[in-house]
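Visitor: Generate the whole structure from the sequences, applying the supplied hints.
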Amino acid sequence: MQTREKWLLRASAAWSIYVWSVLIKNMIKDREHSMRFRLVHIGLGAISTGFAILTWRVTTRRS
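Be aware that the sequence shown starts at 1, since it is given in the working numbering, and climbs by one per residue.
Treat the hints as calculated values from the structure; they're not laboratory data. Wrong hints could be hidden among the right ones.
Listed next, with one range per pair, are the computed distances between beta-carbon atoms [said to hold, decoys possible]:
1. Ala11 with Ser34: 30 to 38 angstroms
2. Leu39 with Val19: 28 to 36 angstroms
3. Lys29 with Gly50: 21 to 29 angstroms
Idealized CB from N, CA, C, for every residue including glycine.
Guide: Structural data, given as C-alpha coordinates:
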(Lines of atoms letter the chains of each structure in order from A and count residues from 1; the text may use other names and numbers.)
(Lines give C-alpha, C1' and ligand atoms only; values in the text may rest on other atoms or scores of the structure.)
Protein backbone atom coordinates (compact mmCIF):
# COMPACT_ATOMS: atom_id res chain seq x y z
CA MET A 1 0.00 0.00 0.00
CA GLN A 2 1.36 3.40 -0.93
CA THR A 3 1.91 6.12 1.65
CA ARG A 4 -0.72 8.34 0.05
CA GLU A 5 -3.31 5.58 0.30
CA LYS A 6 -2.43 4.94 3.93
CA TRP A 7 -2.93 8.60 4.84
CA LEU A 8 -6.25 8.71 3.00
CA LEU A 9 -7.49 5.68 4.94
CA ARG A 10 -6.19 7.11 8.22
CA ALA A 11 -7.92 10.43 7.58
CA SER A 12 -11.16 8.59 6.83
CA ALA A 13 -10.81 6.52 10.01
CA ALA A 14 -10.05 9.57 12.16
CA TRP A 15 -13.02 11.46 10.74
CA SER A 16 -15.32 8.49 11.33
CA ILE A 17 -14.16 8.16 14.95
CA TYR A 18 -14.69 11.88 15.52
CA VAL A 19 -18.18 11.98 13.97
CA TRP A 20 -19.44 8.87 15.73
CA SER A 21 -17.92 9.91 19.07
CA VAL A 22 -19.84 13.19 18.91
CA LEU A 23 -23.03 11.36 17.95
CA ILE A 24 -22.65 8.85 20.79
CA LYS A 25 -22.06 11.65 23.29
CA ASN A 26 -25.17 13.46 22.04
CA MET A 27 -27.28 10.28 22.07
CA ILE A 28 -26.35 9.63 25.69
CA LYS A 29 -27.53 13.14 26.66
CA ASP A 30 -30.63 13.08 24.42
CA ARG A 31 -34.01 12.82 26.13
CA GLU A 32 -36.22 13.62 23.12
CA HIS A 33 -35.88 10.24 21.38
CA SER A 34 -36.84 6.83 22.69
CA MET A 35 -34.32 4.62 24.43
CA ARG A 36 -34.59 2.08 21.59
CA PHE A 37 -33.72 4.76 19.00
CA ARG A 38 -30.74 5.92 21.05
CA LEU A 39 -29.45 2.37 21.65
CA VAL A 40 -29.62 1.54 17.94
CA HIS A 41 -27.62 4.64 17.04
CA ILE A 42 -25.10 4.09 19.83
CA GLY A 43 -24.68 0.51 18.56
CA LEU A 44 -24.14 1.73 14.99
CA GLY A 45 -21.60 4.21 16.29
CA ALA A 46 -19.74 1.54 18.21
CA ILE A 47 -19.59 -0.76 15.17
CA SER A 48 -18.44 2.06 12.87
CA THR A 49 -15.81 3.15 15.38
CA GLY A 50 -14.58 -0.44 15.59
CA PHE A 51 -14.22 -0.62 11.81
CA ALA A 52 -12.36 2.70 11.83
CA ILE A 53 -9.93 1.42 14.46
CA LEU A 54 -9.34 -1.76 12.45
CA THR A 55 -8.77 0.32 9.30
CA TRP A 56 -6.16 2.40 11.13
CA ARG A 57 -4.45 -0.76 12.38
CA VAL A 58 -4.32 -2.22 8.87
CA THR A 59 -2.56 0.91 7.60
CA THR A 60 0.08 0.73 10.32
CA ARG A 61 1.07 -2.89 9.66
CA ARG A 62 4.46 -3.43 8.11
CA SER A 63 4.45 -4.89 4.62
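Visitor: Give a verdict on every hint.
Guide: Going down the list of hints, with the structure as the test:
1. Separation of Ala11 from Ser34 is about 34 angstroms and conforms to the stated range, judged on CB atoms against 30 to 38 angstroms.
2. Separation of Leu39 from Val19 is about 19 angstroms and departs from the stated range, judged on CB atoms against 28 to 36 angstroms.
3. At about 22 angstroms, the beta-carbon gap between Lys29 and Gly50 stays in the expected band of 21 to 29 angstroms.
Hint check: a violation occurs at hint 2 only; the rest are consistent with the structure.
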